[in-house]
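Once you've looked at the hints, dock chain B against the given chain A.
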Amino acid sequence: MITDRALPASGWEVDRQRWERLTALWMIVMLALFPILLGLGAFMRIVQSHLLPTLLPEWFYAVMTLHGLGMVGTWFVGGMAAVSYIVARYVRPRPVISHIAFWATLLGVVLLLVTTLLGKFGVGWYFLYPLPFYPAGVWPTWATWTFLLALAVLGVGWTIWAVDLLYAIAQRYSLRVALGWPYIRSGTGPEIPPALPIVTVSLISALSGFLAAVIILVLSVLEWAGTGFSNDALLMKNLIFFFGHVLVNITMYLGVVLVYELLPHYAQRPWKMSRLVAIAWNTVLFLVLFAYAHHLYMDFVQPQWLQVLGQVSSYFISVPAAVVTIFSTLVLVFGAPMQWTLSSLLLYLGVMGWAIGGVAAVIDSTIAVNVRFHNTLWVPAHFHTYYLMGVVLMLLGFAAHFGREASKQPENGRLAKVIVTLLVIGGYGFLMMFYLGGAQSVPRRYAVYPDEVQQGVTYAQVSLAFIALLTTGVLLYLWETGRRYWHALRAST
Amino acid sequence: MARSSRLNVMRLGALWATLLIGSSLWAFAGEESVKSLPNEGRYLYRPVPDIPLRDVEGRPLWLSSLWKERPVLLTLIFTRCSGICSPLLRSLKSAVEVVGGLGSDYHIVVLSFDPRDTLSDMRELADHLELSGKRGWIFAVAAPEDIARVVKATGFWFVREESSQQYDHPAMVIGIREGRLLRFLVGGTVAPVRLNEVVRELRGEFVPAYPLPRPGKVIFRCAQYDPESGRWRPDWGFLLLLLPGVLTLFGTVWIFHRGRFFRDEGGPGEGNTRVS
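Each protein sequence line maps, in turn, to chains A and B.
The opening residue of the first sequence carries number 580 in the working numbering; numbering runs sequentially from there.
The opening residue of the second sequence carries number 135 in the working numbering; numbering runs sequentially from there.
Heads up, some of the hints might be wrong.
Taking beta-carbon pairs under 10 angstroms as the criterion, some of the chain B residues facing chain A (in silico) [stated by the list, open to error]:
#	residue
1	Leu178
2	Tyr179
3	Arg180
4	Arg348
5	Val352
6	Cys356
7	Tyr359
8	Phe372
9	Gly379
10	Thr382
11	Val387
12	His391
Residues of chain B clear of chain A, computed beta-carbon distances all greater than 10 angstroms [claimed, not checked]:
#	residue
13	Ile218
14	Ser238
15	Asp239
16	Asp251
17	Ile281
18	Ala325
19	Pro326
20	Leu377
Honestly, the hints are just simulated from the structure, not real lab data.
Beta carbons: idealized from backbone N, C-alpha and C, even for Gly.
Okay, chain A solo, but in the shape it has when bound (with noise of 0.2 angstroms):
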C-alpha cells in the first residue's frame, strides 16, 4: 500500500485512506468492464465466423464502436487511477478530482452505451469524419450529437485529472526535474522515482491529445449546426489519429508506470532513475506528437515529409520507451530474488507483450509493407497485442497487487499459474488468427466476409476457442482477484 516514505505523515492516514477508497472503486469499476468489453469482442468474432447468419451488419458495427471505446477508455481511465494511486506517494493529486472524473466517466459511458446499442452509431471507435455525419439510415442524427456530447463530458473530466495530477507533480518538482533533464545533462541528479518522468511525460501527451479532441470536437459541431461551413477531411483525420493515437500510447506509459515502480518491490531491488531512462522518455514527448502520421501512409494528398516523419517517428518511439523499458525489466529481473506472484508475472508479461506487439506496429509502420498490411487484419492484431497482452496485463497485474495489498490474504500460486497459461495461451492463439488474417490480407472491419477471403472466416472460428479459453482465464482472475477486493471491503468495515 501508499507509504509515506516521500510525505510528511501529517494529515496522510486520511489521504492515504480516501485513495484507497478511490482505487478500489476505479479498479473494480475497470474489472467489472473488462469481461463485458471482451464479451463484445467475442460476439464480432461470433459474427465474423458466420455464426449469426441473420444478424445485421449494422449491430456488428454498433458493437465494433462501443468495444473500442470501450476498451480504450476503460483501460486509460483505469491507467490514471492506479498512477494516481502511485504518484500519491510522492505527490498529493486532489481526491475530489479524481471524484470528478469517476463521475464524467460515468456519464460519458451512459451516453455511449445509448448512442451505440440504442442509436446503432457505428463509426468505429475513431469515429472517422465525416462518416458519423452520413448515416445512411443506419443511425438516427441523435445518435451522433449523443456521441460528440459523450465525448465531450468524457474529454472534459479527464482533461481536468491530467492537469491535476500535473499540477500536483508541479507543487513539488520543477520541469526539468519533472523530466529528470539534470540526469541527461550530468547523468546524476535529485534522487527522483523513475516512474515520474513517465507520468510527466504522458500526462503532457495526454493533454495536447484532448486539446487535438476539443478541435474536433468544434469543427464537428461548426459544420453540423448549420453554418454552411465544411470540413477538410484531410485536417480531420490528422486530428483525429492524432487524438486517438496519443490516448492509446499513453494509456500503454501509463501501464509501464506501473511496471517501474511494482516490478522492483517483487524483483527486491530498485529500479534506479538514469541517464538512458531520462533520454528515452524525453525523446518519446517529442516523438509522440509525430508517429499518428503512420495512419495516413494511405491518403496520397497528405505530403510527403509528414508521411517521412511519420515512419521515421514510429521507428525511433520505440527504442527509446520500449527498448530501454524492456532491457531494463529484463536486467532488473535477471538473477533477481524474484517473487513469481500473479501481479509480477502478470506486469513481467506485459511488459513482453508490449515488445511483441511493439515489432508488429513498426512493420506495419513501414510504408512498404503498410502499402499491403493497410486495413487488414494485421492492424487489430497489433493493437491487440499492445492492449490485451501489454497495457492489461500490467493494470490486472497492479489491480491483483492492490488487492493483495489490501486483503493481505496469501495467494494460491497453483491458481496462479494457471490464470496466467490461460491469459498467455488464450491470448496469443486469440491474436495469431488476427496475424495469420492480415498476413493473408484479410481486411479487418468486415461484420461479413466476401467470398474472396474466406479464409477470415476460419480464422474467426479458430479463434473462438482462444477466446473461450482468454474468458476462462480471466473468470479465474477475476474471481482470484474479487475475493480479495471482497476481503479487503470486509475487513475495512
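For chain B alone, coordinates are given in the frame of chain A:
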C-alpha cells in the same frame, strides 16, 4: 473503509453492470422488426448465379449473356401481385426515364419468382405497363430451382400466404455488374437520384458516399495540392494541427510556473514540498 463507502462502491458497480446489460438486451430485442428488409452490406460483391431465363418471346437466354453485354438491374416480382410489384415497376420506369441510359448502359430484367407465372402472364404485365418492346426491358421467367439460387445469393425472399393467395416479399432492385452484386435499392419507390447513383456505379464511376464540400466553404484546409505541378503547400488548417502541441507547451510551462509557489526553492533536488 467505512460501511457506507463499501455500499457506495457496490451500488456503483451494480449501476454500471445494470446499464450495460440492460441496454444490450433492449437493443437486441428490437432487431426482429427490421429483419424483413434485405441488407445490402451482407451481399455486396457476391457472385450472382448465372441462370437460364426465357423472355416473353420464348427465347432462351442466360443471365450471364446479359451482364456480359452491359450491367443489369434485376427486380423480382409476380404478376398476380396486388401489392408492391406494379407500383415498384412504375416507379422504376419513371426513374429510368429521368436517369436515362437504359439499353445503352444497362438492361433491366423483370423476373417472376412465382412458378405459376407463364410467358403470357409476363407479356401481359409488360403490355399493361406499356413496356413491351421497349429497349432494355426484359420480362422473363425461370425454373423454380434457379429462382431459389438467385434468391439465396441476393437476400431476396418470398413467403406464400395461402389465405390471400399472395406472396409476402420485399421490393428490391439489384444492380449487377460482371456477375457480381454491386448495389441494392430497397423499397417500393425508386428515387431518380438513388437510381442515378446505382447506374453510375454500374458504369464504373466513383460515386462518393457523401457530397464533396462546395468550393469556398472549407475555411480550414490542411493543405493545398496542385495536381499539375505535384506541389504541396500548407494552408490555414495546418496551423490547427500545430495548435495542440503549442498550447500544451505553454500550458505545461504555466502549470509548473504556478506550482513553483509550493516548492522549496533551492531545496534538495527541488523535490521538497511545503504540503502539511
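Comparing the hints with the structure gives:
Proximity of Leu178(B) to chain A holds as hinted, the smallest CB-CB distance being about 8 angstroms (cut-off 10 angstroms). The interface hint given for Tyr179(B) holds, since its Cβ lies 5 angstroms from the closest Cβ of chain A, which is under the 10 angstroms cut-off. With its C-beta approaching chain A no nearer than about 7 angstroms, Arg180(B) sits inside the 10 angstroms limit, and its interface hint holds. The criterion of a C-beta within 10 angstroms of any C-beta in chain A is met by Arg348(B), whose closest approach is roughly 7 angstroms, and the hint holds.
Because the smallest distance between the Cβ of Val352(B) and any Cβ of chain A comes to about 5 angstroms, under 10 angstroms, the interface hint for this residue holds. Interface restraint check: Cys356(B) against chain A, minimum CB-CB distance 4 angstroms, threshold 10 angstroms, status holds. Given hint, Tyr359(B) at the interface with chain A, holds; its Cβ is 5 angstroms from that chain's nearest Cβ, closer than 10 angstroms. The beta carbon of Phe372(B) is positioned within 10 angstroms of a beta carbon in chain A (closest approach about 8 angstroms), and the interface hint is therefore held.
Hint status for Gly379(B) relative to chain A: holds, with the closest Cβ pair at about 5 angstroms, below 10 angstroms. For Thr382(B), the interface hint holds, since its Cβ comes within 10 angstroms of a Cβ in chain A; the closest pair sits about 4 angstroms apart. Taking 10 angstroms as the C-beta contact cut-off toward chain A, the hint placing Val387(B) at the interface holds, the least distance being around 7 angstroms. The interface hint given for His391(B) is met, as the beta carbon of that residue sits about 8 angstroms from the closest beta carbon of chain A, less than 10 angstroms.
Ile218(B), annotated as away from the interface, keeps every beta carbon of chain A farther than 10 angstroms; the closest lies near 19 angstroms. The beta carbon of Ser238(B) sits about 29 angstroms from the closest Cβ of chain A, which is more than 10 angstroms, so the claim that it is off the interface holds. For Asp239(B), the shortest C-beta to C-beta distance to chain A comes to about 24 angstroms, beyond the 10 angstroms cut-off, and the non-interface label holds. With 10 angstroms as the threshold on Cβ separation, the claim that Asp251(B) sits away from chain A holds: the shortest Cβ distance comes to roughly 29 angstroms.
The Cβ of Ile281(B) sits about 21 angstroms from the closest Cβ of chain A, beyond the 10 angstroms cut-off, so the non-interface label holds. In this structure Ala325(B) is separated from chain A by more than 10 angstroms, as the shortest Cβ-Cβ distance comes to about 13 angstroms. Once the 10 angstroms rule is applied to beta carbons, Pro326(B) is consistent with being away from chain A; the minimum gap is 18 angstroms. The beta carbon of Leu377(B) sits about 6 angstroms from the closest Cβ of chain A, which is not more than 10 angstroms, so the claim that it is off the interface is violated.
Violation of the numbered hints given earlier is confined to hint 20; every other hint is satisfied by the structure.
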